[in-house]
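K.L.:
My request is simple: use the sequences and hints to build the entire structure.
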Amino acid sequence: MAAAQGRLSDDAGGMDEAKGTEEAERHTGGAAPPPFRAAVDALRAARLRPQIEVEPTPAPRRLAPFAYALEATVVDGDQDLADGRLVLLHDPAGHDAWRGTFRLVTLVRAELEPEMAADPLLPDVCWTWLTGALQARGLTYGEPSGTVTRASSHHFGGLSARPATSQIEIRASWTPREGLGGVPDTGAHLASWCDLLAQVAGLPPAGPGDASVVTLPQRRGPQSR
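FYI, this note's numbering numbers position 86 of the sequence shown as 71, with every residue one higher than the one before it.
No wet-lab data here; the hints were simulated from the structure. None of these values were measured; they are calculated from a predicted model. Incorrect hints may appear among the rest.
What the hints assert, rightly or not - DEER-style ranges, computed between Cβ atoms:
id	residue 1	residue 2	range
1	Gly142	Gln64	35 to 43 angstroms
2	Ala82	Ala146	28 to 36 angstroms
3	Ala136	Glu40	43 to 51 angstroms
4	Asp63	Pro19	38 to 46 angstroms
5	Pro189	Asp104	17 to 25 angstroms
6	Gly166	Gly142	40 to 48 angstroms
7	Gly79	Ala103	36 to 44 angstroms
8	Gly142	Thr116	41 to 49 angstroms
Note that CB positions come from ideal geometry on N, CA and C, so glycine has one too.
P.N.:
Below, the structure is given as structure tokens:
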């Protein structure tokens, strides 16, 4: 699986070695609290689009007392269209900046045609993909924060034969509203995040309810895995 590379910022998590609540218990020296366990179980039980491959990935140790992370790749045959990470953070004591005890943090990226990367509306459109995906599933959330970055690479000298490439990267975090027992609907948030991944990858909407999502044409072709 081609996972997103690089260290994530405070708004998009850092990665360290963990693969579930058992790892979280080892890292903190105590048992993970029931709300965190329930939130992780909901992530594991979520049913997602078949084009999106999801698996656990090393989770951060320093951003919160408890953390669980996933990585995903949008796949078309043997080619990758987009990839990303989603991190669930939990601090039972609460966090002033989060205004809650849970926080979801993400990094999503994909390659685009260079002319599309130059579109001045691109960052705004990409941000609406995130907020629109959450709203489309009726999710309530707070304190959204993030950045949309576009970058271009041009090759010279011995690499001059390589075509120029452009990449879009979305780093964001938000506070999912907690339900009964102080547990957010993390399964629904994961599904919304996968909707975002699919949108960045240029996949068609998963259902009639998603048809209003803003799209960008001329996306770069699939990348070999």
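K.L.:
Could you run down the list of hints and mark each one as holding or not?
P.N.:
Evaluation of the provided hints:
Evaluation of the 35 to 43 angstroms hint for Gly142 and Gln64 yields a failure: the beta carbon distance comes to about 29 angstroms. Taking the beta carbon of each, Ala82 and Ala146 are about 47 angstroms apart, not inside 28 to 36 angstroms as hinted. The hint said 43 to 51 angstroms for the Cβ distance between Ala136 and Glu40, and at roughly 26 angstroms that hint is violated. Look at Asp63 against Pro19: about 41 angstroms separates their beta carbons, and that is inside 38 to 46 angstroms.
Hint check: Pro189 to Asp104, Cβ distance near 21 angstroms, so the stated range 17 to 25 angstroms holds. A hinted range of 40 to 48 angstroms is violated for the C-beta pair Gly166 and Gly142, which are about 60 angstroms apart. As the Cβ distance of Gly79 to Ala103 is approximately 43 angstroms, the hint placing it in 36 to 44 angstroms holds. Checked against the given bound of 41 to 49 angstroms, the beta carbons of Gly142 and Thr116, roughly 42 angstroms apart, stay inside it.
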